[in-house]
Structures are given as C-alpha cells and as structure tokens.
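When you get a sec, could you build the whole thing from the sequences and use the hints?
As given, the protein sequences belong to chains S and W, one line each in that order. Here the first sequence is numbered in the working numbering, starting from 3 and rising by one per residue. Here the second sequence is numbered in the working numbering, starting from 3 and rising by one per residue.
Careful: at least some of the hints might be erroneous.
As the list makes no split between identical chains, a pair holds if one copy fits it or if it spans any two.
[As the list claims (entries may be wrong)] DSS-like, lysine-lysine: derived pairs with alpha carbons at most 30 Å apart:
| id | residue 1 | residue 2 |
| --- | --- | --- |
| 1 | 99 | 279 |
| 2 | 280 | 176 |
| 3 | 47 | 290 |
| 4 | 26 | 161 |
| 5 | 47 | 161 |
| 6 | 44 | 290 |
| 7 | 44 | 279 |
| 8 | 161 | 176 |
| 9 | 44 | 161 |
| 10 | 44 | 58 |
| 11 | 47 | 37 |
| 12 | 58 | 47 |
| 13 | 176 | 202 |
| 14 | 99 | 14 |
| 15 | 261 | 300 |
| 16 | 47 | 26 |
In case anyone wonders, no lab produced these hints; they're calculated from the structure. Keep in mind that this is a model prediction, so the values were computed, not measured.
Given next are the chains, with one letter for each unit.
Protein chains: 2
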Amino acid sequence: MSFDRLIENIVKTQNPSVVGLDPKLEYVPEYIIEKKVKKYDKTLKAAAKAILEFNKEIIDEIHDICPAIKPQAAYYEMYGWEGVKTLQRTIEYAQSKGMFVMTDGKRNDIGATMEAYATAHLGFTDVCGESIPAFGADALTVNGYLGTDGIAPLLEKCKTYDKGIFVLVKTSNKSSGELQDLSLEDGRTVYAAMGDMCEKWGQEDMGRFGYSGVGAVIGATYPEQLSEMRRALPHTFFLVPGYGAQGGGAEGVAKGFDKNGLGAIVNSSRAVMCAYKKEECDPHDFAKAARREVIRMKEDIISFLPKIALP
Amino acid sequence: MSFDRLIENIVKTQNPSVVGLDPKLEYVPEYIIEKKVKKYDKTLKAAAKAILEFNKEIIDEIHDICPAIKPQAAYYEMYGWEGVKTLQRTIEYAQSKGMFVMTDGKRNDIGATMEAYATAHLGFTDVCGESIPAFGADALTVNGYLGTDGIAPLLEKCKTYDKGIFVLVKTSNKSSGELQDLSLEDGRTVYAAMGDMCEKWGQEDMGRFGYSGVGAVIGATYPEQLSEMRRALPHTFFLVPGYGAQGGGAEGVAKGFDKNGLGAIVNSSRAVMCAYKKEECDPHDFAKAARREVIRMKEDIISFLPKIALP
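Here you go:
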C-alpha cells in the first residue's frame, strides 16, 4: 500500500501534476463527434466512442511528460453504461502507456459494500474462480464520512496490490466549509479530524519514500489549509484539485509540498482538455494543445518548488 | 421535487419497506450462473447477465407488494461496465412494473461534477440535441460532506423531474460515529448539523404530504438517533438501512416514522435476496422465497406502526 509508483513517475517526469480526464461531450472536437454520430446516430454509444477517441489521443501526447491521469467517474456515468465502458478502456489505455491512474469516484459506504467498491476499482472480481479486474485503477478517491469500517476494505486491497486511496479532507469548492470547517469541541475542525484519520489509517503500511497509501484531497483554493495540513499530516500524500479554472494558483499549491518537492500532486482538467479552444488552434491539434498546456502548468508549479528528488 | 410518488406507492402497498438489490454473484442460484457461463464463459458479462435474470425474477414476484427497490451501485460496478449495464436494465425493468427506484450510489463532488452525476442518475444527457436518460432512477443517495454546492445541482434536477435525494446523516455501520458523532462547539453533533442542512435544502420545494425531496439516511442500528432526528427534521423523509442482517429491529425502526405511519422507508437486502438459502427451499423458487420474506418483513414493521395513511 503506497504511492511509491506515483512518486517514481513524478520524479521521472519532474512533473507533480495530473491531468483530469473529465470529458463532457462539448469538450470533444466537432469532427470526432460527427464521425461517431454518423456511425452510431445521436446515442450514448456515439458520445462514449467519441470521448474514448479524445482521451486516447490526449494520453498518446502526454504520457511521456505527465505521471498520471485522473478520470472523473461522473462524466462517464453521464453517458450511461457505454460511458462507463469508456472509463474502463481509458484506464486500461493509460496504464498500457505507463501512466498511474486515479479514478475520481469519491466512493463511500458501509464495510460490506465498500468491499465491493474496493474490488471494483482497485481489485479483482471473482467469477466462478476466474479473477478479473473490473476497472483496475491504481488509486481511488473516497469519502470518509462513514469512518474506519468504510475505509478498511480499501486498505486491504491497497496492501495486496500496492495501490492507494485519497480521502476527501478539505475540498476545493466554495461551500466546503459548511461542514468541513465546523469547529469541534476539542478545538479541531471537522476537516482536521478527517486528516488525522488519514494519518492513522496510513500508519500501518508506509511506502519507501515516507508516504503511506492513504492520501488526502485538499483544494488548491485553500492554501492556508494546505499549509496547515502539510505540517499536521507528514505521511499523507495530497491530491490537490482546483488549480487554474477553479482559481487556485501555483504559489498557493506549493504549500502542499515537502522539502523534496514531493508530497502532493496538482490536478488540472478543463484547461488541458480544452486547451485547443483557448488557443483557438486547429481542432485537429487538440492533443498537441493539451501537451502544451501540461508543459505550461508543470513549469508554473515547479517554479515555486524545490528540485523534485527522492528523499 | 418530492417523495410523493414513493409515498403513494407505500400507501398503496401498505408497505414502508424497500428491497435492496445488492446482488453478489454468490447470491444467485447456481442453475442461473451455469446457464450464463455456458453461453458467455467465466466472464464479467456472464456474471452481469446472471444478476439481471435474478433481479428481474425478484421484481416480477414483489412489484405488487413492495413500493420500491434500491440497487446498490457498488455491486454492479464490481462486475465492470457489463455490471453497470445490468444496473441500468434493472432500473428500467422495475420502473416498467411501477416501482420507485432509488439508486444507492452515495455520490458526492463539487458543483460542476455533481451536475454530471445529477444528469447521469436523475436527469437526461444531451447528445447533439437528443435527450437521453443515462440511468434514470427516481432518487439517488448522496453524501453531503462538500456542502451546498455539491447538492444544488441535484435539487434542480429533482425539481424539474419530480425526483428525490437521500443525504447520509447517521449511517448504520459501527464506526459511523468516528466523524458523525463528534461534538461541535455549538453543542450539535456532526450528524445533526448534516440533518439541519437537509431540512434547509428541502424547504424551498415541499411535497403534498409534508415531506420535501431531500431525505436523510439514518441507520436502523441507531434507534435513539432515529427518534432524535424524526423530531428535529419534520419535513425530511428517512431511508433506514440496517434492518435485519445488520441488527436493527422493527421496534427501533418504528422511531423513524410519523403519526401517519409515514416519513420513513426501511431497507432490507440480503435477507430478501437470499431468503431461498435460509429457507433451504428449491433454488428455482428463489423469487417466491423473496416474496415471502418481503411479506414477513412488512408485517414485522407495520406491527409497530400506526395505520399507514395519507395525511
């Protein structure tokens, strides 16, 4: 159970950022959509096929300079089971190119059910003795509102298959404070209490670089909390959404990193997927535009960090 | 936005319980699995097809005596996109028989992404002007850890299409208290703060029977909290898991109901799906055994309630 493979990818690419593949159909260039609609009509299947082609081309262009992708389950579910098939194909394709895949599903449930989610996203499903990966990601985002027995089944899968989870601690959205910032009797906030649980869940199985396989999601939009949590949770790797489109800047996200330029990975979704729209370049070059944005983002972030190196 | 259609189904069947369709392959009788494996080999497809046949037969047997089903997304995701296709087919089939369908997905995310989940599970996806239901349930369970902007997109869909959500408040599992029972500075618990948000989110659009479309999940295993929340949240309809297998009894769950025998619906999953195993009857009669368990459960619960009637 660790993020060692992710950390190695980060060091290799010198890039502590992850591309969120959250593809609404409207992000996909017209010419791809037209081709699929011609073949499959205006159906969820056409949408799902268009998105898969879009994803694959982006992965082809970025896999050598970007350590990971983070597909957001919601955008695939929006296109029905055909969309979910595209999620599975996207995970498989990115892994075949050496990328670390974090499925952003924010799954949560009681123990017995979490066991099913853990199997689905990080493990292997048994069918009459055959062991088959259903989605087979390297990490999964989860919500810890249900406490330890909703997390334990994940830890077991993470240990067995060297995978990781990211638990929501302080989310990037405006209203995240409504519950997460409430003050507890003991002086902590709700998000700090959740952070403490992450350290605890992670401590029994530490990776080689000082981080466990239990990470935390902390929004780029809250740099003070990033800084506070970096100090409080020394063994917890951070997934930092909210950079760019949501307003988080590189100077702020730097607060989530340690002295080796590690300890966090910053996500960007729309800015990469829709870079060709912002550039107003030929839509056929959408993947190359995505690559340019990945490089721009990487340079922006590392300009505020110490040199990225294994401890 | 309401649970009016659910409440009408409850009154019609005089049954305030819902069958959780959380089908592990091991719950499905051997003869069904063998048939599918013969046709599709030991694959996720075979598993998914077996589960769909199992679900449909149960729905055929219970739709006239049970108001709703609650398929748990995790168990379908465990069988990959083929499993997720079975989820969609199950929802469609149950609705065609007049049942109210609550997808148990405990989805949660920031606003823009929650919009995608809301579209996926309660709304219609746009594909080049065609409006297509991706999963099309009547209600969805959600986790409110991210606050209002993770809930708002759901409320909009619920209003437009008269659907509902159930927000996790006090879950049925043993460790639910680790976060949910923490005491806030203002004297409330975390779960009570979440409950208060449910009342607030629901208040702008009330159903005809005094309940909004924003419900709460409160475990049968915590009868005191059920009672406390019933008093505190008069317009919030409860989904009560944890009856039976998890240890919640009928006398306890009765505390979640109002003076009209309404205000709550109690879930049972395994006890219904695996009734044929407990009865040790012919596995071919699994659906009839499920029907017998639905009747037994209903009689058990209503024996502690006032006569169920519209207010």
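Cross-check of the supplied hints:
1. For the identical chains of this complex, residue 99 and residue 279 are intra-copy neighbours only, at 26 Å inside a copy versus 46 Å across copies, given an alpha-carbon limit of 30 Å.
2. Taking the shortest alpha-carbon separations for residue 280 and residue 176, only the intra-copy value of 25 Å comes in at or below 30 Å, while the best inter-copy value is 50 Å.
3. Taking the shortest alpha-carbon separations for residue 47 and residue 290, only the intra-copy value of 26 Å comes in at or below 30 Å, while the best inter-copy value is 37 Å.
4. Taking the shortest Cα distances, residue 26 and residue 161 sit within 30 Å of each other only across copies (23 Å), while inside one copy they are farther apart (34 Å).
5. Proximity of residue 47 and residue 161 under a CA criterion of 30 Å is satisfied inter-copy only: 28 Å between copies versus 36 Å inside one chain copy.
6. Taking the shortest Cα distances, residue 44 and residue 290 sit within 30 Å of each other inside one copy (28 Å), while across copies they are farther apart (41 Å).
7. In this assembly of identical chains, residue 44 and residue 279 lie within 30 Å of each other by CA distance solely inside one copy; the values are 23 Å within and 45 Å between copies.
8. Taking the closest pair of Cα atoms, residue 161 and residue 176 come within 30 Å of each other only across two copies (23 Å); inside a single copy the shortest separation is 34 Å, beyond that limit.
9. In the homo-oligomer, the alpha carbons of residue 44 and residue 161 lie at most 30 Å apart only across protomers (27 Å), although the nearest pairing inside one protomer, at 43 Å, exceeds that limit.
10. For a Cα distance limit of 30 Å, the shortest separation of residue 44 from residue 58 qualifies both inside one copy, at 21 Å, and across copies, at 29 Å.
11. Proximity of residue 47 and residue 37 under a CA criterion of 30 Å is satisfied in both settings, with 12 Å inside one chain copy and 28 Å between copies.
12. Proximity of residue 58 to residue 47 under the C-alpha cut-off of 30 Å is found in both arrangements, the shortest distances being 16 Å within a copy and 24 Å between copies.
13. Proximity of residue 176 to residue 202 under the C-alpha cut-off of 30 Å is found in both arrangements, the shortest distances being 28 Å within a copy and 18 Å between copies.
14. Taking the shortest Cα distances, residue 99 and residue 14 sit within 30 Å of each other inside one copy (14 Å), while across copies they are farther apart (56 Å).
15. In this assembly of identical chains, the alpha carbons of residue 261 and residue 300 lie at most 30 Å apart only when taken from the same copy (18 Å versus 61 Å across copies).
16. Taking the shortest Cα distances, residue 47 and residue 26 sit within 30 Å of each other both inside one copy (14 Å) and across copies (27 Å).
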